[in-house]
Amino acid sequence: MRRLLLTLQHAVAAPTRNPRLAVVIGRLLGLAFLVCFGTGLYSHFLQEPLPWMHFPTFPGNLYQFTQGIHITAGIACFPLILAKLYTVFPNLFETPPITGIGSLLARASIAVFVGASLVEITIGLLNTYQFYPWPFGFREVHFALSFVIIGSLAIHIGVKLPIIAKYWRKRDGYGPALAFDDEERAEINAPLVDVLPAPLQKVPGARQVSGLTGRLFRWIDAAPAEQPGTATSTSRRGFLVTVGVGVAAVVVLTAGQSFALLRPFNLFAPRVKGIGPQAVPVNRTAVAAQVTETAMAPDWALTLGNGSRTLSFSRAELLAMPQTTVDLPIACVEGWSQMATWTGVRLNELVRRVDAGQGAALRITSLEKEGGYRVTQMGSEYVGDDNTLVALTLNGETLDIDHGYPARMIAPGRPGVLQTKWLSKLEVLS
Amino acid sequence: MSGRELSGPGMSARTMRLTRTILIGVGVLGLVLGAVVLVSKQDLPAILRVAAWMLGAIILHDAILSPIVFLIGVVARHAGRRVSKVVLMIIQGGIVTGCLLMLLVVPEIYAKTLPIANDTVLPFDYAARLGFMWLGLAVLTAGVCVVYLRVAGRRNVVR
Ligand code: HEM
Chain A
1 MRRLLLTLQH
11 AVAAPTRNPR
21 LAVVIGRLLG
31 LAFLVCFGTG
41 LYSHFLQEPL
51 PWMHFPTFPG
61 NLYQFTQGIH
71 ITAGIACFPL
81 ILAKLYTVFP
91 NLFETPPITG
101 IGSLLARASI
111 AVFVGASLVE
121 ITIGLLNTYQ
131 FYPWPFGFRE
141 VHFALSFVII
151 GSLAIHIGVK
161 LPIIAKYWRK
171 RDGYGPALAF
181 DDEERAEINA
191 PLVDVLPAPL
201 QKVPGARQVS
211 GLTGRLFRWI
221 DAAPAEQPGT
231 ATSTSRRGFL
241 VTVGVGVAAV
251 VVLTAGQSFA
261 LLRPFNLFAP
271 RVKGIGPQAV
281 PVNRTAVAAQ
291 VTETAMAPDW
301 ALTLGNGSRT
311 LSFSRAELLA
321 MPQTTVDLPI
331 ACVEGWSQMA
341 TWTGVRLNEL
351 VRRVDAGQGA
361 ALRITSLEKE
371 GGYRVTQMGS
381 EYVGDDNTLV
391 ALTLNGETLD
401 IDHGYPARMI
411 APGRPGVLQT
421 KWLSKLEVLS
Chain B
1 MSGRELSGPG
11 MSARTMRLTR
21 TILIGVGVLG
31 LVLGAVVLVS
41 KQDLPAILRV
51 AAWMLGAIIL
61 HDAILSPIVF
71 LIGVVARHAG
81 RRVSKVVLMI
91 IQGGIVTGCL
101 LMLLVVPEIY
111 AKTLPIANDT
121 VLPFDYAARL
131 GFMWLGLAVL
141 TAGVCVVYLR
151 VAGRRNVVR
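Here the protein sequences line up with chains A and B, keeping their order. The letter at position 221 of the first sequence is residue 221 when you use the numbering used here, and the numbering goes up by one with no holes. The letter at position 10 of the second sequence is residue 10 when you use the numbering used here, and the numbering goes up by one with no holes.
For the record, the hints were derived by calculation from the structure and aren't laboratory data. Beta carbons: idealized from backbone N, C-alpha and C, even for Gly. Any given hint could turn out to be false.
Unchecked claim - Here are some, though not all, of the chain A residues that point toward chain B, as calculated from beta-carbon distances under 7 Å:
(1) Val12
(2) Pro59
(3) Phe147
(4) Ile157
(5) Gly238
(6) Val245
(7) Val250
(8) Leu267
(9) Phe268
(10) Thr285
Stated by the list, open to error - Derived pair list, reagent style DSBU-like, types lysine-lysine, alpha-carbon separation capped at 30 Å:
(11) B:Lys85 x A:Lys369
(12) B:Lys85 x A:Lys170
(13) A:Lys425 x A:Lys369
(14) B:Lys41 x A:Lys369
So here's chain A without its partners, still in its complex pose:
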């Protein structure tokens, strides 16, 4: 067994599989994970704030930026994690596999880390296609695994810290791709005693060609992976260039869904800017939300309540009030976003009509028949902001029904799921 593990380790050794490269790639991956974790937590708490939380309303495209970064850094994780696993692949055959309780826990935490990371990025990516082939809740599991990942990452860094510190800087060298001591080398090179006839066993180097595995390993050895000097540094450079090109390719060809600058290069993202009714993409249509009748009803009115005081406004009445125009993005939790121009009534002017004080928060109800975001809450920082509108037009036209006709909410810095469409009722919370 030990022999097999050593031989496997030896076989998969390569100049690009060494601790220095593991550190170089690991740093980038760790950074990408932390960026995903930070932006992900921000997205989570925007949707499920703790009671004391207040969020910035400036700049108005803050969430567009943070969630765009989340998805983009997340996509960059694919090449990075595969590269990282590539550099450490020989460690899989480490021998002895386990030396004690400490090493058992260390290896277990790596297994958890690798498994959780692969699942996290996969379900995250597929979620942006609105494709859910897994038998568990996306948001719940994506959220829980993010702690598991960051936790097992911290353990991993703690365990490997001496090696990480050693190879942190380039001038500290690359170290051996794999260090076999003499005894291990002897074992790798030892004759396969059982197979060879006794006289042959004495011949130096007579170990190899015995059985299929022997022949296979000999064949592998004939294509030497470890070369001295310049060839080794060429393959290291080649490896890093490949990783760089891979990351650049997946990022540049998809990030146009989140960042306008990269839009011309958007070949593969699940979303494109500038399409859809009124040049704004849609997540939930009026048909899906079952509002095609209620939203078009001639007697539609927006009710606004503060305790016992209730007012209601028809669309014509809203249009007759002072109108404000703002440029704010729809920024989806799935990472795509679209800048747009909205015109409507300032929310803070509306709530003043029911004598809501400064610092009032709102409960917002949509005409939607069902769904997790039919009833949501809006913190006082958004209610009071001059850029928060009950929007009536989009890009100069009457709001399309798929964008929330007769009236929708648009506020700075909030995820799209909280920009409630097809407004029905606003209640001031004291």
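Go by the hints and put chain B with the ligand onto chain A.
Positioned in the frame of chain A, the structure of chain B with the ligand alone reads:
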């Protein structure tokens, strides 16, 4: 790790030990928090399915993907013994880049065959684009190889 217990450059053994303790402590906390969140938000069968997916991901990578990549590397080294090592690497880089993009795009092609929410979700013809991507990548890779061979050839002549 055993036997390689050394302090890094510019870090005393004590700082090293302290940093490691803190990292591992934070890590255990994170794991506990993750477990608590998972248990509070999902029932037992769902948690088992998450674990099965994690295990499946590890097996898929370690037992299927990695050996394939390894074998392709060995075959390439065998086949390419007479080809310049750099040219071989450029070709490998092209293939790896294409495979990475394919990894992201193939699920889109499949997801588009299922009922989708509306026309603004998955709007492209991803299969066609994937084909053109491979074509473009092949041309690009060939171009880089040619440029490299020219430059390398000229360098050899000059010398
Ligand atoms: C290690 C990598 C990652 C970490 C640590 C991470 C972490 C998080 C966290 C904490 C959230 C908030 C969950 C919630 O609202 O309860 C989140 C949301 C999200 N993440 Fe990630 N994530 C990672 C990778 C990815 C990747 C690769 C993608 C896609 C390419 C992705 C897509 C999403 C999406 C779409 C959401 C929004 C979910 C929603 O609110 O409906 N994530 N992420």
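Hints, verified against the model:
1. Val12: OK, holds: A:Val12 within 7 Å of chain B, min 6 Å.
2. Pro59: Cβ of A:Pro59 sits 25 Å from chain B, so the hint is violated.
3. Phe147: Holds, about 3 Å.
4. Ile157: 5 Å, holds
5. Gly238: 4 Å, holds
6. Val245: 5 Å, holds
7. Val250: 6 Å, holds
8. Leu267: 6 Å, holds
9. Phe268: 5 Å, holds
10. Thr285: 5 Å, holds
11. B:Lys85 x A:Lys369: With Cα atoms ~63 Å apart, B:Lys85 and A:Lys369 exceed 30 Å; violated.
12. B:Lys85 x A:Lys170: Status holds; Cα separation ~24 Å.
13. A:Lys425 x A:Lys369: Holds: A:Lys425 and A:Lys369 sit about 14 Å apart, inside 30 Å.
14. B:Lys41 x A:Lys369: With Cα atoms ~25 Å apart, B:Lys41 and A:Lys369 stay inside 30 Å; holds.
Violated hints, listed in ascending order, are 2, 11; each of the other numbered hints is respected by the structure.
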